[in-house]
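Trainee: For the protein sequence lines, the chains are A and B, in the order given. When we follow our numbering, the leftmost residue of the first sequence carries the number 1, and every step to the right adds one. When we follow our numbering, the leftmost residue of the second sequence carries the number 1, and every step to the right adds one.
It is possible that some hints are incorrect.
Derived DEER-like restraints, expressed as beta-carbon distance ranges [stated by the list, open to error]:
{"id": "1", "chain 1": "B", "residue 1": "K108", "chain 2": "A", "residue 2": "L401", "range": "55 to 63 Å"}
{"id": "2", "chain 1": "A", "residue 1": "V437", "chain 2": "B", "residue 2": "E225", "range": "19 to 27 Å"}
{"id": "3", "chain 1": "A", "residue 1": "K436", "chain 2": "B", "residue 2": "L229", "range": "19 to 27 Å"}
{"id": "4", "chain 1": "B", "residue 1": "K104", "chain 2": "A", "residue 2": "D230", "range": "52 to 60 Å"}
{"id": "5", "chain 1": "B", "residue 1": "V220", "chain 2": "A", "residue 2": "L401", "range": "36 to 44 Å"}
{"id": "6", "chain 1": "B", "residue 1": "D130", "chain 2": "A", "residue 2": "D230", "range": "31 to 39 Å"}
Hints are computed from structural coordinates only; laboratory data are not their basis. All residues carry an ideal CB built from backbone N, CA and C; glycine is no exception.
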Amino acid sequence: MAEHRQLSTWHNGHLSCARDLHRTPAELRQDPPKPAAKVHFKKTHIVASRTNPKLSNRNLRVAVIGGGPAGGSAAETLAKGGVETFIIERKLDNCKPCSGAIPICMVGEFDLPLDIIDRKVTKMKMISPSNVTVDIGRTLKPHEYIGMVRREILDAYLRDRAADNGAKVINGLFLKMDMPKGQNAPYLLHYTEYTGTKGGIGEKKTLEVDAVIGADGANSKVAKSINAGDYECALAFQERIRIPDEKMAYYENLAEVYVGADVSPDFYGWVFPKCNHVAVGTGTVTHKGDIKKLQLATRNRAKDKILGGQIIRVEAHPIPEHPRPRRLSGRVALVGDAAGYVTKCSGEGIYFAAKSGRMCAEAIVEGSENGKRMVDESDLRKYLEKWDKAYWPTYKVLDVLQKVFYRSNPAREAFVEMCADEYVQKMTFDSYFYKKVVPGNPLDDLKLAFNTIGSLVRANALKREMEKLSS
Amino acid sequence: MSISMALFSAPASFSPCTSHSQTPKPLFNLRPKRPQFNLLIAASGDSGGAAVAVSVTEEQPMAEAANGSVAAAPAPIAEEEKEAEVVLNTFKDPRWVNGTWELKQFEKDGKTNWDAVIDAEARRRKWLQDNPESSSNENPVVFHTSIIPWWAWMKRYHLPEAELLNGRAAMIGFFMAYLVDSLTGAGLVDQMGNFFCKSLLFVAVVGVLLIRKNEDIESVKKLIEETTLYDKQWQASWLDENKKD
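Based on the sequences and whatever the hints tell you, model everything.
Mentor: Encoded structure:
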């Protein structure tokens with residue numbers, strides 16, 4: 001029924017992308033609450049290596065800085081676990097420049113209602129530097145799709161759900177934090193609270209908490225406060241373009257990925273459909289100064305399909321390339337983009353942000369025995385351990401793919417050629433949708449290895465021919 | 001972050017609120033190579049006389065059209081290009097049919113001339129590298145390099161290099177065997193029986209395979225560093241813990 005409702009609102013074409021979309025959780029949550037088959041955290045049966053002191057006449061207080069997917073899911077898990085939770089978010093209707101693509105496992109794991117998904121992408125086109133076009137998505141089962149969401153809606157939903165569970169949402173800007181004066185002393189957070197008045201300066205306030213989760217994104221202030229160190233960022237640049245309806249029909253449930261040195265020297269260009277327009281963009285780590293040229297090249301490659309469109313918005317944002325040197329210090333932990341959990345090759349971050357927020361919160365709830373005890377760094381370190389163990393293979397595989405296939409135009413040609421193979425499509429989508437690196441049939445893997453090497457060799461041979469031509 | 005977004009919205013050329021339609025303006029600078037390219041096709045195309053005539057007559061209207069005016073479609077153009085107004089900057093070749101190379105047109109004495117196919121594809125990719133084109137739905141490119149059989153690739157690229165390397169190895173091997181024999185008295189059979197010699201041989205073979213030029217040493221070192229960099233970045237958080245305790 002929820003699905004039917006989504007379809008009808010879509011066909012009316014009245015889906016507005018207005019930023020101030022305030023929907024109550026009741027409206028958003030169409031499905032009846034699932035029976036507790038999915039328990040979000042293990043019941044505590046830990047034995048702490050050193051006993052944390054019991055808190056007298058209060059629960060553990062934790063502040064979550066940043067109210068995006070990481071902050072929202074962390075706060076929800078904390079609040080459900082009996083911890084006194086505060087979310088400090090500076091912009092409650094923040095419309096983030098993001099593809100907004102989420103895998104289906106996120107819908108299941110986070111109980112997302114189907115009507116926050118604007119579009120279900122089931123087909124993708126990979127386009128090589130010489131415009132060889134490959135359709136991928138033939139192997140998808142009917143229930144599998146890539147969900148396209150509007151970030152402001154997803155973020156608000158997760159935050160509101162946390163608030164429903166008891167978290168306190170503060171609309172404010174985190175400024176800095178004072179380190180604790182003693183072993184179990186609290187952290188003192190300084191922030192500016194925005195009252196309702198638009199353009200108001202806001203009041204300076206402080207908040208005492210026992211632990212902090214930094215979920216404030218790529219320019220994280222929490223990371224600065226704990227000297228977490230810097231990381232390399234890619235610059236993602238995107239233009240939202242409203243194109244004529246007949247061209248929009250082509251992108252109904254299709255997304256395009258363009259690879260090529262003209263489009264990006266170390267990443268890819270994309271055309272992703274959104275609610276009633278497309279987002280055309282590109283990104284790079286090493287050539288940030290050339291981003292406008294790269295964007296022009298991307299638009300040129302998609303020219304036929306976006307001709308007659310109007311640019312309605314231009315946006316850009318840094319995307320972390322790898323984790324920070326320190327993701328944890330004392331009782332402060334980083335999650336999501338602030339920690340640097342964005343995959344290489346595909347640049348996916350939403351699912352990992354939400355999952356890391358949840359894992360960190362689970363570790364705090366466990367370590368504090370549902371908010372009754374103080375936590376310390378070793379409890380938070382358990383989250384890092386669990387995270388690295390669960391997702392390290394995924395990150396490493398994507399890193400290898402990026403290193404092999406994004407190095408040069410011949411490599412990109414080989415990459416697109418390999419995508420035509422059904423086995424590759426199945427493996428890629430399975431690992432994207434379910435976030436597990438599953439080794440397939442060894443014989444097929446061997447064949448895949450041969451085909452990959454073959455494609456790379458042929459593409460490089462052609463490159464040598466091309467170089468002979470230019471001399 | 002809102003400040004950075006404002007910065008990006010401000011620049012004049014990309015103002016979000018104008019009704020800025022996607023005109024192909026930037027593309028008209030990509031002119032100079034085209035007439036030369038058509039000559040190239042005419043000169044080395046395998047397809048025979050008819051195509052040559054086509055290419056040559058094409059050259060003139062293209063050159064005119066390069067100045068911005070649209071050519072009234074010249075009669076000899078028999079290809080199925082639909083975008084008549086912007087026909088100027090697309091890749092065209094009589095043997096490129098429906099987004100792939102038509103192998104029938106490459107036949108010589110009843111057999112496909114694979115070398116010509118490889119040449120044609122290299123030219124196409126070079127063309128597109130210099131003049132990037134929009135991908136189109138009506139004329140999708142479906143070419144796959146595997147239609148050219150593996151032995152054609154081997155014959156053209158692997159075998160000449162293999163011959164060179166094996167020749168060099170044989171010469172050096174013979175000379176070294178002679179030298180070692182004269183210095184130590186161990187003949188070829190005795191040399192190969194020794195473990196040290198066997199391992200030297202192994203190192204020599206691997207070295208020749210990986211290091212062809214002096215620059216390769218640097219690139220191998222960089223490659224090793226690259227493969228482990230990501231792991232190091234992930235483990236950075238754990239180095240902290242060990243240091244503290």
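Trainee: Indicate, hint by hint, whether the structure satisfies it.
Mentor: So, going through the hints one by one against the coordinates:
no., hint, verdict
1, B:K108 / A:L401: 55 to 63 Å, "violated (40 Å)"
2, A:V437 / B:E225: 19 to 27 Å, "holds (24 Å)"
3, A:K436 / B:L229: 19 to 27 Å, "holds (25 Å)"
4, B:K104 / A:D230: 52 to 60 Å, "holds (59 Å)"
5, B:V220 / A:L401: 36 to 44 Å, "violated (21 Å)"
6, B:D130 / A:D230: 31 to 39 Å, "holds (38 Å)"
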